[in-house]
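J.: Protein sequence lines, in the order shown, are assigned to chains A and B.
In terms of the numbering used here, the first sequence is residues 1 to 53.
In terms of the numbering used here, the second sequence is residues 1 to 247.
In case anyone wonders, no lab produced these hints; they're calculated from the structure.
The model shown is predicted, which means the values in this text are computed figures rather than measured ones.
You may find that some hints are simply not true.
Claimed, not checked - Computed from the model, here is a short list of chain B residues facing chain A with C-beta under 10 Å: (1) F23; (2) T44; (3) I54; (4) F103; (5) G109; (6) A224; (7) I236.
As the list claims (entries may be wrong) - Label pairs and their computed distance ranges (CB to CB): (8) B:F173 with A:L42: 42 to 52 Å; (9) B:R194 with A:I26: 32 to 42 Å; (10) A:G19 with B:N145: 23 to 33 Å; (11) A:L29 with B:L131: 20 to 30 Å; (12) A:G19 with B:A156: 14 to 24 Å; (13) B:Y172 with A:D3: 34 to 44 Å; (14) A:V23 with B:S186: 26 to 36 Å; (15) B:W36 with A:G11: 15 to 25 Å; (16) A:L42 with B:V187: 37 to 47 Å; (17) A:G8 with B:L29: 26 to 36 Å; (18) A:M46 with B:W36: 40 to 50 Å.
C-beta: ideal position from N, C-alpha, C; glycine also.
The lines below spell out each chain.
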Amino acid sequence: MMDFLAMGGYGFFVWGAYGVTAVVVIAELSSLRARRRAAAQLAASMPHSEDLP
Amino acid sequence: MNVYQFSSPATFYPFAGWLAPWFAWSAALLAIAGLWIGFAVAPTDFQQGEAYRIIFIHVPTAWMSMFIYLVMGFWSVLALAFNTRLSAMMAQSLVPTGALMTFIALWTGALWGRPTWGTYWAWDARMTSELILLFLYFGVMALRNAIDDPRRADRACAVLTIVGAVNIPIIYFSVQWWNTLHQGASVSLTAAPRMASIMLIGMLVMAFAAWFYTIAVSLWRVQAIILERERSASWISALPGLAGALR
C-alpha cells in the first residue's frame, strides 16, 4: 500500500494530477447541481402566461 | 420521426433529462475501468517510471479540450446560420466543461513535465496555444456575462467562438510546425501507436469516460439554461414537478 502511494518516488506528481482533477470535477458537478436547483425554483416561481412565444 | 422537432427547447428538455443519466453512468463505469487499467494492469514505464500514469488523464482531457471547442464551433455556426435558440444554448452549455478540460490538461501536463522534462512549464508552441485556448473559453464566458440580452449574447459568443477556432489547428499541428519541447503525438489516425497496447487501451477508455462525462454534464447544463431563459414560457409551467423534481 505504501509502495502504491509512493508511486516509485513520483507520488507528489501522480496524486497531484489525479487529486486536482477529482476536485475540479466534483466542483463542476456540485455547482451544476446548485445551478439546476436555482433555475428550477426560479422557473417554478414565475407567473406563466399562455401567449408568450 | 422528425428530428427537427428536437431543435425546440420544449421538446429537447425532457429528452436531455432522459439521456443524461445514461451518459453519466457510462462515464462513471468507464472511468472506474480506465483507472483500474491505468493503475493495476498497465506496467511501470521503463523510461518514465510511475510518472507516466498521469497521461491517462492528460491525453484524454487534452483531446477533449480541443474537441469540445470544435463542437462549440459547430453549434455556433448553426446558431448564426439558422438563428436557432437551442444551438446557441448547446454551445453555451459546453463552455465551462471545455475550460475545465483545458485546465486539467495544462495542470496534469505541468506535473508530468516536471519529472519527465525537468520543468513544469515552457513557453513552447503546444503549451502556449493550449493556454490561449483556456483564455478563449474564459473570454466566451465573460462575453456572455457582459451582454444582458441573451439573443445578442448568443450571436456575439458564436462569432467569438468561430474566430477563436483558428487556434485549434495551431494546437494540434504545433508539434509538427515548430520545434517544441512537447513531443509529437503518440497516437494518430494514420500510423501505428507508439506505445504499449495496454497503455493505449487504458488511455482510450479514459478518453471515452471524459467524452461521456462531457455529454452528460452539458445535457444537464443545457436543461438549466433552458429553464433560466425560457422560464416565462407556458410549456415550463406544464413540466411535472418542476420545483420538486430537480433536487
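J.: That 40 to 50 Å hint for M46 of chain A and W36 of chain B (C-beta), does it hold up?
T.: Holds, at about 47 Å.
J.: Holds or violated: is there a CB of chain A closer than 10 Å to the CB of A224 of chain B?
T.: At about 4 Å, which falls below the 10 Å cut-off, the nearest Cβ of chain A leaves the hint on A224 of chain B intact, so it holds.
J.: State, for the Cβ atoms of Y172 of chain B and D3 of chain A, whether the hinted interval 34 to 44 Å holds or is violated.
T.: This hint holds: roughly 38 Å between Cβ atoms.
J.: Given the hint of 42 to 52 Å, is the C-beta distance from F173 of chain B to L42 of chain A inside that range or not?
T.: Once the Cβ atoms are compared, 45 Å apart, the range 42 to 52 Å for L42 of chain A and F173 of chain B holds.
J.: That 32 to 42 Å hint for R194 of chain B and I26 of chain A (C-beta), does it hold up?
T.: holds (34 Å)
J.: Does 26 to 36 Å hold as the CB distance between G8 of chain A and L29 of chain B, or does it fail?
T.: holds (29 Å)
J.: Close enough to count: is the Cβ of F103 of chain B nearer than 10 Å to one in chain A?
T.: holds (7 Å)
J.: Under 10 Å is the threshold here; is the Cβ of I54 of chain B close enough to any Cβ of chain A for the hint to stand?
T.: Check passed: Cβ of I54 of chain B comes within 5 Å of chain A, closer than 10 Å.
J.: Quick one, is the T44 of chain B hint okay against chain A at 10 Å, beta carbons?
T.: holds (7 Å)
J.: Taking the Cβ atom of W36 of chain B and the Cβ atom of G11 of chain A, is their distance within the range 15 to 25 Å?
T.: With Cβ atoms ~19 Å apart, the hint holds.
J.: Taking the beta carbons of L29 of chain A and L131 of chain B, is their distance inside 20 to 30 Å?
T.: This hint holds: roughly 25 Å between Cβ atoms.
J.: Please check whether V23 of chain A and S186 of chain B have a Cβ separation lying inside 26 to 36 Å.
T.: This hint holds: roughly 27 Å between Cβ atoms.
In the structure shown, a violation is registered for the earlier hints numbered 1 and 12, in ascending order.
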